[in-house]
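Trainee: Here's the letter readout for the chains.
2 protein chains.
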Amino acid sequence: MIRFFNGKILALNGNYDVTDHELWVDGDKIAYIGPARADAPAFEREIDLAGNLLMPGFKNAHTHSAMTFGRSIADDMPLQPWLFERIFPLEAKLTPERVCWLFKLAIMEYVSGGVTAGFDMYFYRPQSAETCAEYGFRNVFCSLNDTYETIIAEMDKVNSLSPLVSMLPSIHAEYTTSIDTMKEVLRVCQERKLPFFTHISETATEHAGSIERHGLTPTELFDSLGLFEYGGGGYHCVHLSENDMEIFKKRGLWAITCPASNAKLASGIAPLEKFSAMGINMGIGTDGPSSNNSLDMFREMYLACVLQKLSLGDAAAMDALKVLSMACCGSAKAMGLNDCDCLAEGKQADMIVIDLSRPSMQPINNIPKNLVYSGSKDCVKLTMIAGKVLYENGEFFLPDSPETIYENCQRIVAEMTA
Amino acid sequence: MIRFFNGKILALNGNYDVTDHELWVDGDKIAYIGPARADAPAFEREIDLAGNLLMPGFKNAHTHSAMTFGRSIADDMPLQPWLFERIFPLEAKLTPERVCWLFKLAIMEYVSGGVTAGFDMYFYRPQSAETCAEYGFRNVFCSLNDTYETIIAEMDKVNSLSPLVSMLPSIHAEYTTSIDTMKEVLRVCQERKLPFFTHISETATEHAGSIERHGLTPTELFDSLGLFEYGGGGYHCVHLSENDMEIFKKRGLWAITCPASNAKLASGIAPLEKFSAMGINMGIGTDGPSSNNSLDMFREMYLACVLQKLSLGDAAAMDALKVLSMACCGSAKAMGLNDCDCLAEGKQADMIVIDLSRPSMQPINNIPKNLVYSGSKDCVKLTMIAGKVLYENGEFFLPDSPETIYENCQRIVAEMTA
Chain Z
1 MIRFFNGKIL ALNGNYDVTD HELWVDGDKI AYIGPARADA PAFEREIDLA
51 GNLLMPGFKN AHTHSAMTFG RSIADDMPLQ PWLFERIFPL EAKLTPERVC
101 WLFKLAIMEY VSGGVTAGFD MYFYRPQSAE TCAEYGFRNV FCSLNDTYET
151 IIAEMDKVNS LSPLVSMLPS IHAEYTTSID TMKEVLRVCQ ERKLPFFTHI
201 SETATEHAGS IERHGLTPTE LFDSLGLFEY GGGGYHCVHL SENDMEIFKK
251 RGLWAITCPA SNAKLASGIA PLEKFSAMGI NMGIGTDGPS SNNSLDMFRE
301 MYLACVLQKL SLGDAAAMDA LKVLSMACCG SAKAMGLNDC DCLAEGKQAD
351 MIVIDLSRPS MQPINNIPKN LVYSGSKDCV KLTMIAGKVL YENGEFFLPD
401 SPETIYENCQ RIVAEMTA
Chain G
1 MIRFFNGKIL ALNGNYDVTD HELWVDGDKI AYIGPARADA PAFEREIDLA
51 GNLLMPGFKN AHTHSAMTFG RSIADDMPLQ PWLFERIFPL EAKLTPERVC
101 WLFKLAIMEY VSGGVTAGFD MYFYRPQSAE TCAEYGFRNV FCSLNDTYET
151 IIAEMDKVNS LSPLVSMLPS IHAEYTTSID TMKEVLRVCQ ERKLPFFTHI
201 SETATEHAGS IERHGLTPTE LFDSLGLFEY GGGGYHCVHL SENDMEIFKK
251 RGLWAITCPA SNAKLASGIA PLEKFSAMGI NMGIGTDGPS SNNSLDMFRE
301 MYLACVLQKL SLGDAAAMDA LKVLSMACCG SAKAMGLNDC DCLAEGKQAD
351 MIVIDLSRPS MQPINNIPKN LVYSGSKDCV KLTMIAGKVL YENGEFFLPD
401 SPETIYENCQ RIVAEMTA
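Chains Z and G, in that order, are what the protein sequence lines are.
Under my numbering, the first sequence has 327 at position 327, and the numbering climbs by one with no breaks.
Under my numbering, the second sequence has 47 at position 47, and the numbering climbs by one with no breaks.
Next up, chain Z with everything else stripped away, as it sits in the complex (with noise of 0.2 angstroms):
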């Protein structure tokens, strides 16, 4: 077992208290949290928190961690020009080596950044899931317009392989997809009782399109086909109707927000004040490095925050500590983690502990609010998923060493651009 004593505990099970607990960790799981106590077992570390705050680590609801390879490869270019000339070309050269080497970058940066699971979008997933299992990162993959035989077999694969990775099926988007496709994922859907994610209404084009294309909106379109039936929800979300809206609270979708990219790539802003007032599930993604440029949760909460501020012309809109809970517990629902979503007896031990002794962080007014509109990276002490400490004091714990993924991602890239 392994202590945590000697700080804070943000537990986010249900309130936004902070206690002054110890915590104890059982193999991938929380064994205990509460006074310390006489009757301790012995442990086989002691971690003391020196006054710091233990909290469940953040959960990126929507990515596609290997673009990495296009970090600041193509900025400050309009949207239709830089995927089709720049993303997409750069794409077709990518393998499963090379995805899997981008995916290690990717990892790196979550665990710095305090992120302790992804639902992922992208290409080769039986391999970044063996990847995801070797470096203990915890990841829901969702397979990309595939025919019922293929998703089968890959989600087999995948949900095999680790209790850390699993899959879902899904397609890239309404505008990518035939409807043909979109009923072999229905097929794995229903046999499977599985909920259904996919990208939705991320621009305008998208969302007028799919109503030109089949006289319904992308959200009108899936839910026609039946493949809410099990849950599911939709990326980005930007330019929802009404009716796309009344759909999303009726099934209990979960509305993914991605704000820094829809800025980046000037798509909008997507109305979370409404739909929280709604009651409409809601967590976020980071989207990938190629539109962010970064995996940072912190920005995203502060974006989620602020943006609604701005639009709405009122600074008392989007609370923070509503948005504190989509970022690590709302995410880990959205992708049927439910065991990671928060810090109690049983849970799974995904958490990070944030360095109070940041500049940042000083005077402790409101820790979980500070969080939010002050908290950054350089605060990630330490990164836990399922018990195991993959990040510490700057210090990477993962299979290769920094310099490794660097050269390789850095040769890759030379390769894909050449």
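I should point out that these hints are in silico values taken from the structure, not numbers from a laboratory.
Note that this is a predicted model, so its numbers are computed, not measured.
One thing to keep in mind: the hints can contain errors.
Restraint ranges, calculated between C-beta atoms of paired labels, are given here [stated by the list, open to error]:
{"#": "1", "chain 1": "G", "residue 1": "395", "chain 2": "Z", "residue 2": "338", "range": "38 to 44 angstroms"}
{"#": "2", "chain 1": "G", "residue 1": "224", "chain 2": "Z", "residue 2": "313", "range": "29 to 35 angstroms"}
{"#": "3", "chain 1": "G", "residue 1": "78", "chain 2": "Z", "residue 2": "403", "range": "46 to 52 angstroms"}
{"#": "4", "chain 1": "G", "residue 1": "29", "chain 2": "Z", "residue 2": "313", "range": "46 to 52 angstroms"}
{"#": "5", "chain 1": "G", "residue 1": "20", "chain 2": "Z", "residue 2": "243", "range": "55 to 61 angstroms"}
{"#": "6", "chain 1": "Z", "residue 1": "393", "chain 2": "G", "residue 2": "407", "range": "21 to 27 angstroms"}
{"#": "7", "chain 1": "Z", "residue 1": "88", "chain 2": "G", "residue 2": "407", "range": "51 to 57 angstroms"}
{"#": "8", "chain 1": "Z", "residue 1": "35", "chain 2": "G", "residue 2": "172", "range": "47 to 53 angstroms"}
{"#": "9", "chain 1": "G", "residue 1": "78", "chain 2": "Z", "residue 2": "338", "range": "33 to 39 angstroms"}
{"#": "10", "chain 1": "Z", "residue 1": "411", "chain 2": "G", "residue 2": "38", "range": "30 to 36 angstroms"}
{"#": "11", "chain 1": "G", "residue 1": "345", "chain 2": "Z", "residue 2": "277", "range": "55 to 61 angstroms"}
{"#": "12", "chain 1": "G", "residue 1": "241", "chain 2": "Z", "residue 2": "277", "range": "32 to 38 angstroms"}
{"#": "13", "chain 1": "Z", "residue 1": "313", "chain 2": "G", "residue 2": "176", "range": "18 to 24 angstroms"}
Ideal placement from N, C-alpha and C gives every residue a C-beta, glycine not left out.
Using the hints, position chain G against chain Z.
Mentor: Using the frame of chain Z, we list chain G on its own:
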């Protein structure tokens, strides 16, 4: 002399080139930038950059540093009650001793985030200037609604303290200042041929109120009084009219944007792309930590870019290179720190080292753009001001320990909120 070698240099000396030159510091100045030389002198210290990036520090061109007391003390409130019910009553309890400790906390945040100078408007300037001089932090102070005699006395005191600190005559804003007080400041500006900076059109209410009170916008009012005879500029500039922009252009005034604070307080988005197209001078600041809530120039640069893209619906708007230059060079020139803008021989050694081995800086595709879109405070490895290292590898080299500063700030907040 101190030698930086074995790394990359982004001098920002009129271009965005990244070289593999080395750089020598003699006293407070840059003595040499160029290839390694056989005739190198004996160095008192040689800093191996190990492939990392040496660049000019960020200059925070608008802040109220000592407002660290109010960080996360009253988030998610409408602007008026936030200011009048929470912030102003607390400010009434400030003393010189309190302001100096609160300023020290801000200096910690500045140097650990790569900020090498501040343009500060707040209370107890001579005492704060002594703190800055003692701490080795470069700062330009602005006076606040004082008489001619008080301003002159304070300026003479601050300007004689240290080459690191200086002071300019100023007022808080149109809506908080009488015309008589503006004329006191005007007398100082004219006698000493000094530029005039103040809050300008931060909110729509302030802008409209000025027109109601004076028949003139804040910019027009100040210009009509002659306050801009020797240049200057405005903090925020969210709601400038067309004519205001013409005045800014004609007078060579500086528009200092504070995108994070303007977002959090729902004040709006300053039209930077338009300023840029008109050739208006631009700098960036954080505003105070009560409204931001952090003092993070990476966040400001990122927002300066993406909020233009969002508000104009154009992903190509506001090129990151322009914003990087604003944060390092533009802000310095706005503050009159013409020797601190870029890295060149004879310039002040106000520099930072960026850790390119942080995951968000990899792979290396485009360093200057990546600084803006994926840079963060965890990438700041070293901060030097006037040839002195104040922060290196997470350690502060300041007269007081972090613990002492935190304890005093926490005590002060407890006293002020008691």
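Trainee: All hints, please: hold or fail.
Mentor: Hint check results:
| no. | hint | result |
| --- | --- | --- |
| 1 | G:395 - Z:338: 38 to 44 angstroms | holds (42 angstroms) |
| 2 | G:224 - Z:313: 29 to 35 angstroms | holds (30 angstroms) |
| 3 | G:78 - Z:403: 46 to 52 angstroms | holds (50 angstroms) |
| 4 | G:29 - Z:313: 46 to 52 angstroms | holds (48 angstroms) |
| 5 | G:20 - Z:243: 55 to 61 angstroms | holds (58 angstroms) |
| 6 | Z:393 - G:407: 21 to 27 angstroms | holds (23 angstroms) |
| 7 | Z:88 - G:407: 51 to 57 angstroms | holds (55 angstroms) |
| 8 | Z:35 - G:172: 47 to 53 angstroms | holds (50 angstroms) |
| 9 | G:78 - Z:338: 33 to 39 angstroms | holds (37 angstroms) |
| 10 | Z:411 - G:38: 30 to 36 angstroms | holds (34 angstroms) |
| 11 | G:345 - Z:277: 55 to 61 angstroms | holds (59 angstroms) |
| 12 | G:241 - Z:277: 32 to 38 angstroms | holds (35 angstroms) |
| 13 | Z:313 - G:176: 18 to 24 angstroms | holds (22 angstroms) |
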